Amino acid sequence: MNTQQLIAKLKQYPLAVGCTLVLVVMLVLGFLRSDRLPELNTQYDALQQEAEKINSNSQNAVDLAANLEKLNALVSNIESRLIDTDANTDNYRYFLGMAERAGVNLVDPSTGTRKGDPNMKVYPIVEFNLSISGSFENVLKFLYELRTGRHIMRVESLSIIPKDSPSMKYNVQASIIVNGIAEKVEEPKKK
Numbered sequence: 001m002n003t004q005q006l007i008a009k010l011k012q013y014p015l016a017v018g019c020t021l022v023l024v025v026m027l028v029l030g031f032l033r034s035d036r037l038p039e040l041n042t043q044y045d046a047l048q049q050e051a052e053k054i055n056s057n058s059q060n061a062v063d064l065a066a067n068l069e070k071l072n073a074l075v076s077n078i079e080s081r082l083i084d085t086d087a088n089t090d091n092y093r094y095f096l097g098m099a100e101r102a103g104v105n106l107v108d109p110s111t112g113t114r115k116g117d118p119n120m121k122v123y124p125i126v127e128f129n130l131s132i133s134g135s136f137e138n139v140l141k142f143l144y145e146l147r148t149g150r151h152i153m154r155v156e157s158l159s160i161i162p163k164d165s166p167s168m169k170y171n172v173q174a175s176i177i178v179n180g181i182a183e184k185v186e187e188p189k190k191k
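UniProt numbering puts the first residue of the sequence shown at 1, with every later residue one more than the last.
In case anyone wonders, no lab produced these hints; they're calculated from the structure.
These numbers come from a predicted model, not from an experiment.
A few of these clues could be false.
What the hints assert, rightly or not - Computed list of lysine-lysine pairs in DSBU-like fashion (alpha-carbon distance at most 30 Å, straight line):
#, residue 1, residue 2
1, 163, 141
2, 53, 70
3, 141, 115
4, 184, 115
5, 70, 184
Stated by the list, open to error - Taking CB as the label site, the calculated pair distances span:
#, residue 1, residue 2, range
6, 157, 48, 55 to 61 Å
7, 88, 184, 15 to 21 Å
8, 160, 81, 25 to 31 Å
9, 62, 150, 34 to 40 Å
10, 84, 50, 45 to 51 Å
11, 67, 136, 44 to 50 Å
12, 170, 72, 44 to 50 Å
13, 122, 51, 36 to 42 Å
14, 45, 79, 40 to 46 Å
15, 129, 53, 49 to 55 Å
16, 51, 22, 30 to 36 Å
17, 53, 24, 40 to 46 Å
Here a beta-carbon is modelled for each residue, glycine too, at the ideal position from N, C-alpha and C.
Construct all of the structure, not just a fragment, from the sequences and the given hints.
Laid out in structure tokens, this is it:
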């Protein structure tokens with residue numbers, strides 16, 4: 001078969017010849033680019049994960065403004081309930097008011113002392129040592145006032161001992177260590 005006959009046969013089937021040439025070119029290109037295949041697969045997987053994350057974020061961001069508003073309201077509520085450790089008079093009045101509402105005598109209130117590292121990133125804890133006397137029921141009312149009061153507090157230690165009193169039955173003396181969350185103290189910035 002000479003070249004003239006071969007050219008005539010190729011002209012007879014142009015679609016098959018074109019497809020064969022495209023197939024050969026694709027095989028050559030695939031062979032030449034095969035060393036980049038793992039890199040391209042890794043890049044594809046990373047882009048796929050990023051697309052899924054963007055899709056998830058866009059679905060989760062539907063109520064973002066409303067959720068942020070609720071979160072800011074909660075933060076401002078919590079910040080309004082923090083204790084100012086420098087306001088000793090206000091803290092004394094706070095405990096005295098609770099004692100009056102509960103019907104107990106505030107025997108020995110202490111000023112709040114900060115606990116922990118002052119450079120903490122979390123809110124510092126302030127500790128109050130309180131001593132109260134009254135009926136057992138009124139001491140329990142005072143503890144309830146502590147729990148539901150204006151400031152965020154928890155009782156760390158409670159010691160109740162009976163106090164003999166001829167005028168009052170079930171009279172007790174209670175020593176209470178109360179921890180509260182204090183406001184952060186802003187350090188002056190160094191120049």
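For the hint 25 to 31 Å, verify it against the beta carbon of residue 160 and that of residue 81.
27 Å, holds
Assessment of proposed distance window 40 to 46 Å (beta carbons of residue 45, residue 79):
44 Å, holds
May I ask you to test the hint 30 to 36 Å on the CB atoms belonging to residue 51 and residue 22?
31 Å, holds
For the pair residue 84 and residue 50, does the Cβ-Cβ distance stay inside 45 to 51 Å?
47 Å, holds
If I claimed the Cβ atoms of residue 129 and residue 53 lie 49 to 55 Å apart, would that claim hold in this structure?
52 Å, holds
Pair hint outcome, residue 70 versus residue 184 [Cα-Cα no greater than 30 Å]
22 Å, holds
Holds or violated: the 34 to 40 Å window for the beta-carbon distance between residue 62 and residue 150?
36 Å, holds
Does the hinted range 36 to 42 Å hold for residue 122 and residue 51 at CB?
37 Å, holds
Pair hint residue 184 and residue 115, alpha-carbon separation not exceeding 30 Å:
Distance of about 12 Å is within 30 Å: holds.
CA of residue 163 to CA of residue 141, is that 30 Å or under?
It holds: about 18 Å lies between the C-alpha atoms, which stays within 30 Å.
Taking the Cβ atom of residue 157 and the Cβ atom of residue 48, is their distance within the range 55 to 61 Å?
Given about 56 Å between the Cβ atoms, the range holds.
Take a look at whether the Cβ-Cβ distance between residue 170 and residue 72 falls inside 44 to 50 Å.
Given about 47 Å between the Cβ atoms, the range holds.
In terms of the numbered hints stated before, the structure departs from none.
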